[in-house]
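Asker: These are the residues of each chain, in order.
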Amino acid sequence: MSANLFYPRVLTRREWLRQASNGFGMLALSSLLAESARGVTHHAAKARSVILCFMDGGPSHVDTFDPKPLLKKHQGEQIGTAAVSSKSQSSPDRVWLGSPWEFRQYGRAGIWVSDLFPYLASMADELCVIRSMVGQQPLHGQQNLLLHTGRVIGGAPSFGAWVSYALGSPSDSLPNYVVLSNEVIPNGGTENYGSAFLPTSHAATMLRAQGIPMDNIAPFDLPAVQRLKLDFLRDRDSAYARSTGDDAIDSAIKNYEIASRMQTSIRELTDVGGEKEKTRHLYGVDQANEYKRSYSLQCLRARRLVEAGVRFVEVNCPMDHANNSPWDQHSNLKKYHETNAMYTDQGIAALIEDLKQRGLLDSTIVVWAGEMGRTPHTKQITETVGRDHHVNGYSIFVAGGGFKKGFTYGSTDEFGNAVAENPLTVHDLHATILHQLGLDHRKLTFRFGGRDISLTDVHGQVVRELLA
Amino acid sequence: MRRRRRWSTALLAILWSTVPLSAADDAARREHFESKIRPALVQQCLACHSGEWPQGSLRLDFRAGWETGGKAGPAIVPGEPGKSPLIRAIRHEAGMTPMPLGGTKLPPDTIAAFEEWVRAGAFDPREKPGVAAPAAPASKPWEETYNERRKWWSLQPVSRPPVPLVKQPLWSSQSVDRFILAKMEASGLTPARRADRVTLLRRLSFVLTGLPPTPEDLESFLADRAPRAYERLVNRLLGSVHFGEHWARHWMDVVRYSDTYGYESEIPAKNAWRYRDYLIRAFNEEVPFDQFVREHIAGDLLPNPRIDASSQINESLVGTMFYQMGEKREGDSLQFNGIHQEMVHNKIDAFSKAFQAMTLGCARCHEHKLDAVSQRDYYALAGVFMSSRWISNTLDTPERNRAPLQRLAALKPKIRQAVAQWWLESAGEIAKRLEAVEPETEKKTQEEKKPEGKPPEPEKDKKTPLEDPLYIWFELKAAQEKGESVSAAWQKLAEEYASARKQRAEANAREYVPIVDFAKGLPAGWSIDGVGLRQGPVASGEFAVALEGSSAIHMLMPAGLFTNALSPRLNGVVRTPFLSHTNGKRLSILVAGGNLSTVSQIVDNAFMTERQVYLKAIQPQWAKLSLAAGQSGDMPKSKPETEEMRVWAEVATKASNPNFPPRIGLIKKEATFEQERDSRSWFGVTRVVEHTAEKPPADALARFESLLAGPPPADLAGVAARYQRWGSTAIDAWGRNQANEDHVWILNWLISRKLLPSEMEQREPVRLLVTYYRSIERQIADPQTVNGMADVDPGRDYRLNIRGVYEDLGERVPRGYVKVLSGERPWPALENSGRLELANLVASNTHPLTARVFVNRVWHWVFGTGIVATTDDFGHIGERPSHPELLDFLASEFVANGWSIKKLLRSLLLSETFRQSGSISAKAREVDPLDRLLSHYPLRRLEAESIRDSLLAVSSRWDPALYGETIDPPRTKEDTDKRLFSGPLDGNGRRSIYIKMTIMDLPKFLATFNQPSPKVPTGRRDKTNSPAQALALLNDPFVASQAEFWAKRLIEQPHRTPQQRLTAMFRRAFGRDPEASELVRWTGIVTGFTQLHEGDLGRKLGEPSSFMKSLDVWKDVAHTMFNAKEFIYVR
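Going line by line, the protein sequences match chains A and B. No gaps in the numbering here: position 416 of the first sequence is 750 in the working numbering, and each next residue is one more. No gaps in the numbering here: position 477 of the second sequence is 738 in the working numbering, and each next residue is one more.
Any given hint could turn out to be false.
[Stated by the list, open to error] Okay, the calculated beta carbon distance ranges per label pair:
#1 B:1032 to A:715: 52 to 60 angstroms
#2 A:672 to B:729: 52 to 60 angstroms
#3 A:783 to B:454: 36 to 44 angstroms
#4 A:406 to B:1065: 38 to 46 angstroms
#5 A:375 to B:1090: 56 to 64 angstroms
No lab work stands behind these hints: they were computed from the structure. For every residue, glycine included, the Cβ atom is placed at its ideal position computed from N, Cα and C.
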């Protein structure tokens, strides 16, 4: 895991970078991380960055943040026709299933959290829990694309790409939208992270937890060899540019300079070796469990990225089993929800705590969300029982960024089977987050195919009840 | 919900009693509502106040919506406009959120109309949500708008403009050049001078083949000093087989080509690569473009399909794979409402953009905002596409495999004779073998594998069923063991069977109506396809030779349609007609099958049905086509959109199943990837019955009559003898070609129970014949299938979806095409889908768009920008043509030349316009910075595929083979559960067109250089210039591997000096010789690399041979060349 394994020649390159006098790679870390947003906001911004802790697969709401004691009471009883819904995998002969975990109230606000998340529970007073998310179709691909692009069929820019496009990039050698990936291609495909018709520079840059964090970022050459090549190419290509008289060549040459700098900047950002022992301990980056260690590392990197001015960071869950996606427990709910929670709980809680300690939480919106919830019912109760897909009322939470603290919004019915009050759509969530970033979701548009297209299309509204 | 808070809750009181009963009668109130209120609601309110999550929880799209009201209670108090929140909101009264929100206040007369409506009791006939909102009356009637819009330039007939006069006629006598020059002159520009021959060679090579010129090309072109050398070069490159590869890839952008339908897991787009190969052949063989269009739209319906002699493929059938491309989702509309409409939308969008450069998709919800396309046009075309089925087509001509199949057929009677003889001779062992049979041991072990916690079911419950002959045997054996009378037990069993037979036969006759006997032919509406079914139904007693192992016979067949009579690798499919699901009838089909053949039910013409059952039985069994929604029950009948659904079923082998393999979750437990890929798969069908009963017919047990006839045997030996006689009779009948259905059943049972000898090693004549049969069977080439379309049912018009909402069905729109492109005549009433009519219309010589759009695409691919820059949109949103007369001239020439693509290309490539150099004049930089007037040839970055292909070609790793299955791209991590496999780093040296396009995770190297995402047509690729591209060329292991591969070759060559080697490298990489100054500089970097790599080499500098052999040094030189801009740009 040592960074030196992947950058065996780091020191030499750094020396070279410092010595280079030709402008190539001349970028000190301080200026690399400097804020230099070019974007224009619509109103004063409360927050400047978003971290989406994406719970890929759909954690069960009735096992995490939405306690339903009645489920336990009626466990095994058929749900009947009235509980069947096109927004859930359901049929009348399914039976209610109680949660295997206990719920308790935490913090001054008495936020309900299940025993799955002891660390997050300790942060209860920072959380704005929403228990009334409503999706469109109970399918992973569609819901993932909806959460990420505002459309169930894709073909639209990712939320992160919109934010990057709107707010601009702090530096041209620093990606502005980063997915801290664990190499799980989510349902819906890499389109979830694409820029679609927005300029490609706003597509997500994927940084892996394991191994070399980014494709093609580790230099293939010895530093001196690369320097020789780059110097030679710059001279040669400049001559070529002059002979063609075309600006495209000039910008291609410039891209080599940026690429060269990225080899350094990405390493600097992802290397947590310089973090204090206390911080490393807080996140658990030295954990024995490799999945938990990866996730904690990515959470710590998320903080470093936000600190450096990156606008949108997504942290993905690791997958230790062969389900469709990490939280997709159609079976073995108990076993795998427990491990998923164990991998992610400490890292996210640490992230919130760390951001808070550094005074960054107010300007950073941390979102914890899957693409769906899970049915409060199941086909039959067995040892390996699981829950299926459900989009009519599920739970997410937001922390920081001017959202209310220690607050619970919306509710589902007493079985957790349908939203009961204050339904919140993904478009509403997008609109409200954009609002906190100083952006009006109706005005943030890009003209494509003759239309002004926005993240929220014709939907969504800013939900002020969620805001402090 | 949140904006409504301020509405007074005091208004909750509904004062029904105070509603003044207007004097107006119902008709007048209805008239008022329909003419004033409904349109205003639709236009002003419903965008937010309708659907499942309306703003403020208030719905205005049906009466109960405003009656219940939003969070603040009812929106209207009938009779009391002043107390109705809705009225107060549209009046913008204080304390109310002004409505429409964000819009302008409604005109006074509209507000007055609302007030009047509420005062008169708020008559509202809308009982159900969202239903029957008539199209919002536009400010102008559609006809008027249409008549204006149809004057748009691209909808006018193609003219034949005269070639313009120019001031400098000496520049060129070619027509293309005159059009270009005239525009240049009008802007005061002059053409650039001709490019030099070296530049032209490289440019032409990339434009025509997507590959760099070879040193040999360079040498021979430079040596050819004859006047027509350039023309010869153009012709030579047009004749290259690699021309087809490059131009097929262009077209693949337009048809959104992909090898998978990815969403949650990469489902293979069945044999899409065969469509890719079809494109390569079509471009190489000069298939006229109008024919190409017809094949894409209706290749399955053409009266004279085009046949490729070498591959023995019906080429025309491949074309309809075009429709199957693009976005797809698992499941059907009954599971996920609207899935089908979403997917059909993708087809309409792709069709209209690819062939017509129209954005017909915009008319799904309303009349087109800008173009002469109505919402009716959209649904007329939807009706055409929805009338066809999404199936897999068999491409093999009857000639393919003819010889081996004939030889197999000729061998079979001999095998039957030899085997029958063998079996007859060994029939005496049946009794002995029977006595050794153990009861149901297999089932026991399965039972034991069940998870603990459940006690094993009592032995009694899993006794051998009545249908199994062993039932009788075990019963009697038990009787004998208990010391009871075998003959009495026999007598009892005979009676039990007689009574069961009678009862079942009567019930079957009463409840089940036979509707198909496949031995006798197909009733109307049923259809079959596949090489395995081409010989027609088999006679009872036909058999399948075992193709491996020691057995001679795999199985015997009753009369019916079987795919495996000659080989289990032959494909086949039997399809039902569209089934009515409202008459309460069910179908059951008697079917056998194995190796992942399936019975599929397709609801609403689903693109990827999930209702598939794998067949696993040698003895035919009844399969009920339940057409079930979800887990239980038949199709719901209550909803109008359900009644529109087309439902059908098919029994298919793997190759003929358009949805095989399905997503991983539906097959993981059935088969490994290897089993998926195995080309064997077979099925047989014999009969179909119709019934209302819940269950399929019962087994009538007729075959037991002969076993149980006669006086009861005295002991178990006597019983065994009866079985032996029963078997012998069947063998004898089979040997004489007279086996009936029961004989076949008995023989299959004897084989499966190993009651007949199977070790053919002990029977030389059988072994020889079967071995010979197997050797011929192996010569059969697997049948070729590809997904496509079929018309097998009468076409059906679809209904307009109001505001594009598929639950809101409006009027039925007759099938047809966009009115403005149909000569404005309604189509005659169509029996079929109308696809053939559509194909002929689109491919007609007088169509205003088809030729223009394609000629423009070709221009785009040759010059980098189309005459109309927006290649996929010739409508109002698109750009106007830079040279409208030239576009028409080229389109009319194209049609006059028989839609020949190569003739068109020749006229462009021989033009002086194309042959200009890339030097930009100061004047051009000022007046025409985008080079729309083409006063020089634009500098172009290579497309993604050409960059990768150039790396392979230059390093000499390239394998120039054409065609074939795809190669997985390299991935940093495989995810086999999503079918994201990783392939070799260099793709085995194959060109990029052969690398698998997986939608979920596109080939990274190619995507980095803007290979488009295959969801929608992309006529014009992005040309981004990003740091990721620099990083890829600098650090991607593929690029490094090619540098190394090249260097290995180089250091083997007997170059004596670095200059000599560098010159050779320049020729390969840049298609030219280095200048003297360049040689000096490159020699310098060779020295630099040498010093860096071999610290001790400084001592050896005097010995040129050592660094000339250094892999490290030359790998770095090669890598530097790959990173030079000149490598990826063409001028």
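Asker: Should the hint that residue 672 (chain A) and residue 729 (chain B) are 52 to 60 angstroms apart at their CB atoms be regarded as holding?
Answerer: Taking Cβ atoms as reference, residue 672 (chain A) and residue 729 (chain B) lie about 47 angstroms apart, which means the hint is violated.
Asker: Given a hinted range of 38 to 46 angstroms, is it respected by the beta-carbon distance of residue 406 (chain A) and residue 1065 (chain B)?
Answerer: Since the Cβ atoms of residue 406 (chain A) and residue 1065 (chain B) sit about 44 angstroms apart, the hinted range of 38 to 46 angstroms holds.
Asker: Note whether the CB distance of residue 783 (chain A) and residue 454 (chain B) lies within 36 to 44 angstroms or breaks it.
Answerer: holds, 39 angstroms
Asker: Against the range 56 to 64 angstroms, how does the distance between the Cβ atoms of residue 375 (chain A) and residue 1090 (chain B) compare: consistent or not?
Answerer: Holds, at about 59 angstroms.
Asker: Check the following: the C-beta atoms of residue 1032 (chain B) and residue 715 (chain A) are separated by a distance inside 52 to 60 angstroms.
Answerer: holds, 56 angstroms
Violated hint for the displayed structure: number 2, the only one.
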